Structure formats: structure tokens, C-alpha cells
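Got two chains here, separate frames each, mind docking them using the hints?
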Amino acid sequence: MNAFSEIKLIAGKDLRIEMRSRILLSQVLPFGAIVVLLFAFALDPDRGILARVAPGLFWITVLLAALLAIGRAFSIEQQHGARDGLRLAGLDGSSVFIGKAIAIAVQLAILEAVLGLTVVVLYGVEVHGVVVLLATASAATIGLAAAGTLYGVLAAGLRARETLLPLLLLPVLAPVMLGATRAFEDGLEGVPGNAWPWVALLTVFALLYTGVGMLAFGPLWEDT
Amino acid sequence: MPNVLKLREAVCLLGRFPALAGLDLDLDAGGITLLSGPNGAGKTTLLRLLAGLVPLHSGTGSVLGFDLNTDRVSHRRRLALVGHDTFCYDDLTVRENLIFSAKASGRKAAIGESTMERLGLSHVAGVLHSRLSAGQRRRLALAAAFGRDPELLLLDEPHAGLDAEGREILDEILRETDATGRTVIIASHELERTRALSNREFSIRGGRAYLIEQA
Chain A
1 MNAFSEIKLI
11 AGKDLRIEMR
21 SRILLSQVLP
31 FGAIVVLLFA
41 FALDPDRGIL
51 ARVAPGLFWI
61 TVLLAALLAI
71 GRAFSIEQQH
81 GARDGLRLAG
91 LDGSSVFIGK
101 AIAIAVQLAI
111 LEAVLGLTVV
121 VLYGVEVHGV
131 VVLLATASAA
141 TIGLAAAGTL
151 YGVLAAGLRA
161 RETLLPLLLL
171 PVLAPVMLGA
181 TRAFEDGLEG
191 VPGNAWPWVA
201 LLTVFALLYT
211 GVGMLAFGPL
221 WEDT
Chain B
1001 MPNVLKLREA
1011 VCLLGRFPAL
1021 AGLDLDLDAG
1031 GITLLSGPNG
1041 AGKTTLLRLL
1051 AGLVPLHSGT
1061 GSVLGFDLNT
1071 DRVSHRRRLA
1081 LVGHDTFCYD
1091 DLTVRENLIF
1101 SAKASGRKAA
1111 IGESTMERLG
1121 LSHVAGVLHS
1131 RLSAGQRRRL
1141 ALAAAFGRDP
1151 ELLLLDEPHA
1161 GLDAEGREIL
1171 DEILRETDAT
1181 GRTVIIASHE
1191 LERTRALSNR
1201 EFSIRGGRAY
1211 LIEQA
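Chains as they are written, first to last, in my numbering: chain A, 1 to 224; chain B, 1001 to 1215.
For the record, the hints were derived by calculation from the structure and aren't laboratory data. One should not assume that every hint holds.
[Claimed, not checked] Just so you have them, the derived chain B footprint on chain A, three or more residues with Cβ under 8 Å:
#1 16 to 29
#2 68 to 81
#3 103 to 115
[Stated by the list, open to error] Residues of chain B placed beyond 10 Å of chain A at every Cβ, according to the derived structure:
#4 Asn-1003
#5 Gly-1052
#6 Asn-1069
#7 Thr-1070
#8 Ser-1074
#9 Lys-1103
#10 Ser-1105
#11 Ser-1114
#12 His-1159
#13 Gly-1161
#14 Glu-1168
#15 Glu-1176
#16 Ala-1179
#17 Leu-1191
#18 Arg-1195
#19 Arg-1200
[Unchecked claim] Some chain B residues judged to face chain A by a derived CB distance under 10 Å, without partners named:
#20 Lys-1006
#21 Gly-1040
#22 Pro-1055
#23 Gly-1059
#24 His-1075
#25 Arg-1078
#26 Ala-1080
#27 Leu-1092
#28 Glu-1096
#29 Phe-1100
#30 Ser-1101
#31 Glu-1113
#32 Ser-1122
#33 Val-1124
#34 Arg-1137
#35 Arg-1167
Quick caveat: nothing in here was measured; it's all calculated off a predicted structure. Here a beta-carbon is modelled for each residue, glycine too, at the ideal position from N, C-alpha and C.
Looking at chain B on its own, in the form it has when it is part of the complex (with noise of 0.2 Å):
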């Protein structure tokens, strides 16, 4: 199997403060990778990291095959992020944002729309996202995500905010993606759902990765 990503003794720093501190990472392709940890463990820099929005300070690192001491840029295309933003434009309505994010990563149009039916956004395409409730912001960045059509998802606390049916079609979405043979990492506080979902654990503690769980 594929490596996806490689990364040893990698730090990172927000300011002058580690997030992450000589963190060794190897991950084959394929599956469901939970990150696990408490706040400021370092999880999110980890994701951005792989996302190639943050650089490495020091140590080296791979992902898709991409080296990101030398270039953090080629690789995004194949990969997307949901963070804690929605990465969305409040005065574009929903289908326009999604229809937005799919072209610019090189996708056609069409996923942008197969993704908002999927997540259950149909009925506030024309909405704007200045006037979408919380949950509804969520299942847009979600959609953004999945019509981007990755190979690497990187999902931050992607339950946060969704209600019962949200989750559901969301686990319901990460099931289908696993059984293409695609890489996610989850890095979540939802310890029991994303558990379940999951082939493989680490915890992220004081900016470096333990592995605690292989399925």
C-alpha cells in the first residue's frame, strides 16, 4: 500500500510556540485515521500542516508524495480541508459557493451540485451563506469538501454543529469514502462516533503523535 504521508521529527510554529514538536507521522493510503487529543495538542496545526498552509520549521515531511520543504502547494489540489471555517464567501449564496470551490479546484460544476443534494442543502441553494444558520454552514463546508473529490480528507472536529441528521449523513458519506480506498484523518473530542468510524488512532499530546490503536 501507498504511503500517504510521511513527516519526522516535524515542528511547526504558531508565533515563537511549537504547536508541534518533533511530531513523527507515517500513514499508508486508505482508511480512517482519528486524531485524538486535547485542545491544543496540536491537531489542527498537524491538519494545516498536511494541508500545506503551514510550514514546516524544521524536521522533513511528505505528503502525496509532495516534499513540503520544497513545495507546499502542488499537492492541495488533491486534498481537501474542512476547518473550522467554512472557507465560503458570505455574499455568495450556496450553490454559487459550492459551484465556486469545485471550479477552482479544477472540478466541474455538477459535483458542486451533487454534493449540496447529498448533504441535504437543495432547499437553501439560493440562500446566502451570511444567512445560514450554524449547522447549515457546516454541511456547506462538508459539501465543498467532498465535491472537491480528494484523495487525503482532512476533517476538523467535522461533527461540530451538525444535528442528528447531519451526522448521520456524514458518517454515511465517510463509510462510502473508505470503501473507495481514500485517506481520512479526523481529528475530533467525539471520541465514540468517530471510534466507530475508524481503522487506526493516534493521540496528539504536547505537539507529538502516539499511536494507540491499529484495527
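The following block holds chain A by itself, in its conformation from the complex (with noise of 0.2 Å):
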């Protein structure tokens, strides 16, 4: 089997199991829209700051609703021993890598598109500089899902994981809410020129972790 489909093989078994469990549609996006409607409630709509931090308060939503797609990806390996039984079929570790990350990256994409409406309804914001909001918003999902992946195996093997993973993931996924969130912001000022510079930290930012995490996925994926 080539490693196009081991990627196939590895990404459709994750997400057949996503719909078929229904956590992201009956868990994570509800978890989603609750936090969007705490930071509606906590920041009172009639002083209009809410259209203004709309970014920072979207991409904090799809970061803490990452974590538990992110962990579920792992807890699902966990289960009677299927972890073992995905080493044992002697799959490449990168494979297995990008295969789990496009899954992620998936869901995350449909996380984003649905939060993405219910804060311009919610937070009355005015779209513009659609391309840019696109880009930002592919660059940043692929970042997440590769720094994701390759932090979650990391976790997965640990006792704890479930209070470990967000704490070593958020700090390394600061800079992707810090460039999503001024690209976002610029995009929806209507001022796309300078959004372009964080688009290209994202960009980079996912494919460092991309590299990083194609190289180190299969030892980890071992050893914790």
C-alpha cells in the first residue's frame, strides 16, 4: 500500500467514526456555540464591543473546541487496544500522521464555518475581504491540525492527557490565535493588504508543524 493510501485508509476510518459517533455534531459545536453565547452575554451586545473583538473571541471559541476534537481523535486509539492494533498493521508513522490530521482539519473546517455564522449573526458583524478571511482561515486550520496530531500522540500515551494536552497545547498554538485573529480583524476592516503578513505566519506556522510532525509522529506514536 502506498502512502496516499494509507493517508485515505487512516483519515476516512476517522472520519467515518466522527459521523458515526456524531461527538463533533453533538458535543464540540454545541460546546462551541455556548462559549460564543457566554462572550455574547458577559460583553453586552448594545456597546457594540462585541463586533469589534469578534476575531479574538472566534478563534478562541475554535481553539478550546479544537482541543476536544483533538482529543477525541487520540481517545478513540485508546479504546479495546486499537492503538496497538494500528502499529501492528505496520503503517508509516507519517501517514498515519497526515491521515489523522486531515481528519482533524476537517472537522475543524466545519467547526469554523458553522461558529463563523453564528457570530455574524450573534455579534452583528459585517463581512468583507472574503478571500483573506479564507485564507486565514485554511492556513490556520491546517496549523491547528498538525500541531494538534502531533501534540495529541504526545499526550495520548500519558496518564493524565486529558488536563495535559491543553496545557501543552495552547501555548504553542498562541501564535496561530494571535496571526488569525489580526489577519481576521484587518479582512473584516476591510484593509486585506495588511492581513497578508499573518496569512504567511500561519502559513509558515502549518508547515513547520507539518514537517515536524511527518518526522517525529512515528517515534512518538511508538514510544509514549
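Okay, structure coming up:
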């Protein structure tokens, strides 16, 4: 089996499990929607603050919800020794990494689309610069998925993985939150030219973590 | 007859506890080998070591020609392990789990279908793993292992949880596997049943192996 087939097999398996279990639909999305709603209660929509800080609130919510999706991607491997089963299959570590990262990225993309619409409606945000917003979301999603998959496997073998994952991952994802928030602000304010350097930063982050993940995932998958 | 595995002074640690404590074992290809011994003797760890799932702490070892000290991954596609877990996913059906397992180990999906029939799982092909009984899960784990068409089959308590029909099916498949010249290693407490199937027996005690019978 070539690398492409291995990646397709892993991504397909993870997405099928998520479609079947409906965890994204019944838990992760509602969690994100509740966080968005709580920000609205806390920051009083009448004062116009919400629309101004919407990009930051959106990406904080995505980040928190992403933690659930990433944790879930590895918890399915802990049940019934599935991880050992996958190791016994002799698949290439980098293929497993890419396959799992793709499955997480697809879920994050759905999450971002739904939360984006919620934010627009609930916070009264006017949408400008769609191209830069999409480019930002794409680069940020790949970065989140790649870094999340790498730190997900690192935490997976540890006893307190549920609490350790956010502790390990959130500081690492700070550049994604900063870059994506600033790029969204510039895009929504109608100055997309200012957003592209941030998109470039997000792209570098995504490429860096994809590369590191492809190299490091295999040994971590074996030894943690 | 080619040597299928060779262990010398093999030590495996579970935490700080030496689950295998200087174990020596030689096995030629073919035949069914029984590993007997009390709970905690190191049988499961030995099978996991042979599958490359736990590292050698010290000593030397090779399985199917691969040195376990330098490469404990490359031989995995040529073996199958049935352990205490099923290695399956709760939210996939029996058929999906078997097809995934066959494809992941580089086999055709059709092998998954045929082993499903052989293990008497066709009537639950569309049932999720989470809904299966303990015996059905055991059959699924066995079907997944046979679906890999392995050269070396490692079975940890394979009869546990199976009903009488399941045990008969398993024994029949094991006899057929033996006839094809493949190597089977069974760790079991059901000595009467497995002794009837096996050609040789090693007793595992205190993390070491002792040959007690060779047919």
C-alpha cells in the first residue's frame, strides 16, 4: 500500500467514526456555540464591543473546541487497544500523522464554518475581505490540525492526557490565535493588504508543524 | 527448517518490573507452540515483545529475521496478534473493522469478508463493535488476525470467552494453519485443549522459558 492509500485509509476511518458517533455534532459544535453565546452575555451586545472583538472571540472559541476534537481523535485509539492494532498494521508513522491531521482539519473546517455564521449573526459582524478570511482560516486550520495531531499523540500515552493536552497545546497555538485574529481584523476592517503578512505567518506555522509532525509522529506513536 | 524467532537473555521491563528476566527461546518455522505458566509469568509480555509492541531492555532477539534491537516494526505486517483487547473501533461495524484491519495490513478487503464468514460473524456484519457480546468480540479479534494472513500467529488466551461452537471453529482453523506450515504461538491456561493442538510446549516461569515437551 502506498502512502496516499494509507493516508486515505486513516482519514476515512477517523471521519467515518466521527460521522457515526456524532461527537462533533452533538458535543463539540454545541460547546463552541455556548462559548460564543457566553461571550455575548459577558460583553453586552448593545455597547458595540462584540463586533470589534469578534475575531479574537471567534478564534478563542475555535481553539477551545479544537481541543475537544483533538482529544477525541486520540481517545478512539485508546479504546480496546486500537492503537496497538494500528501499530501492528505496520503503517508508516507519517501517513498516520497526515491521515489523522486531515480528519481533524475537516472537522475544524466544519466547526469554523458553523461558528463563523453564529458569530456573524449573534455579534452583528459585517463581512468584508472574504478571500483573505478564507486564506486565513485555511492556513490556521492546517496549523491547528498539524500541531494538534503532534501534541495529541504526545499526550495520548500519558495518564492525565485530558488535562495535559490543553496545557501542552495552548501555548504552542498562541501564534495561530494571534495571526488569525489579526488577519481577520484586517480583513473585516476592509484592509486585506495588512492581513497577508499574518497569513504568511500562519502558513509558515502550518508548514513547520506538518514537517515536524511527519518526522516526529512515528517515534512518538511507538514510544509514548 | 528456518528459524522464526531467537531470543537470548531477553529482558523486558514493565515500568521497573522485569516481566521477562533473561529469557532464552529458539523456535523453528511451523507448528503450534504452547506457552503455559501461571498468571504474571511473562507470557503476554513475551507475545508483545515478539510482535514488536514492547522494546527489549537488554539481551538480543530476532523475529522473522528482523533484529528486535534495531527494528521492531518491519516484521509486524507478517504477523498477527490476538491479545486481551480486540484492537477494534466501537463505532465501526464488524465488517468495517475487518475490512479496515485487512487493508491497513496491506491485504485485500475480500479477506476480511471471508474470515468473517469463517468465524460465524456474517449475521452480525452490520453491527457496531460496541453492541457485540464478549464472545462475538473475541471472534471478531480472531477474524481480524486470520484476515491478515500471517506467517506468525500470536494468540493470547484465544479460547477465552468463546462458546463451544467458537472453540471448535478456532481449533479447526488452527489445525489448518498448522498444516500450511505457518507458525502459531499460543499462551493459554486451557492446557488440555491447547496441548491437543500443539507440537511443543514451553513453560514460562519468572520471566524465563523452559522447554517441557516436544512432539
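Evaluate the condition: distance from the CB of Ser-1114 (chain B) to the nearest CB of chain A exceeds 10 Å.
Check passes; 19 Å lies beyond 10 Å.
Once the closest CB in chain A is found, is it more than 10 Å from Leu-1191 (chain B)?
The claim stands: Leu-1191 (chain B) keeps its Cβ more than 10 Å from every Cβ of chain A (closest is about 26 Å).
Can we keep the Gly-1040 (chain B) interface hint, with Cβ of chain A closer than 10 Å?
Violated. Min distance 19 Å.
Coverage of the region 103 to 115 of chain A by chain B (three or more Cβ within 8 Å):
violated (count 0)
Just to be careful: measuring from the Cβ of Gly-1059 (chain B) to every Cβ in chain A, is the smallest value less than 10 Å?
The hint is violated - Gly-1059 (chain B) has no Cβ within 10 Å of chain A, the shortest such distance being about 19 Å.
Regarding the assertion that Glu-1168 (chain B) does not contact chain A, is the least Cβ-Cβ distance greater than 10 Å?
holds, 25 Å
No chain A beta carbon within 10 Å of Gly-1161 (chain B)'s:
holds, 14 Å
Taking the least C-beta to C-beta distance, is Arg-1078 (chain B) closer than 10 Å to chain A?
Hint holds; Arg-1078 (chain B) Cβ to chain A Cβ min 9 Å, cut 10 Å.
Go through the hint on His-1075 (chain B) and say holds or violated, using the shortest Cβ distance to chain A against 10 Å.
It holds, given that the least Cβ distance between His-1075 (chain B) and chain A is near 8 Å, below 10 Å.
So is Ser-1074 (chain B) really clear of chain A, every C-beta pair being over 10 Å apart?
violated, 7 Å
Taking 10 Å as the limit, does the beta-carbon of Glu-1096 (chain B) come near enough to a beta-carbon in chain A?
Result: holds, 7 Å to nearest chain A Cβ.
Taking the least C-beta to C-beta distance, is Ser-1101 (chain B) closer than 10 Å to chain A?
holds, 7 Å
Of the numbered hints listed earlier, those contradicted by the structure are 3, 5, 8, 9, 10, 20, 21, 23, 31, 32, 33, 35.
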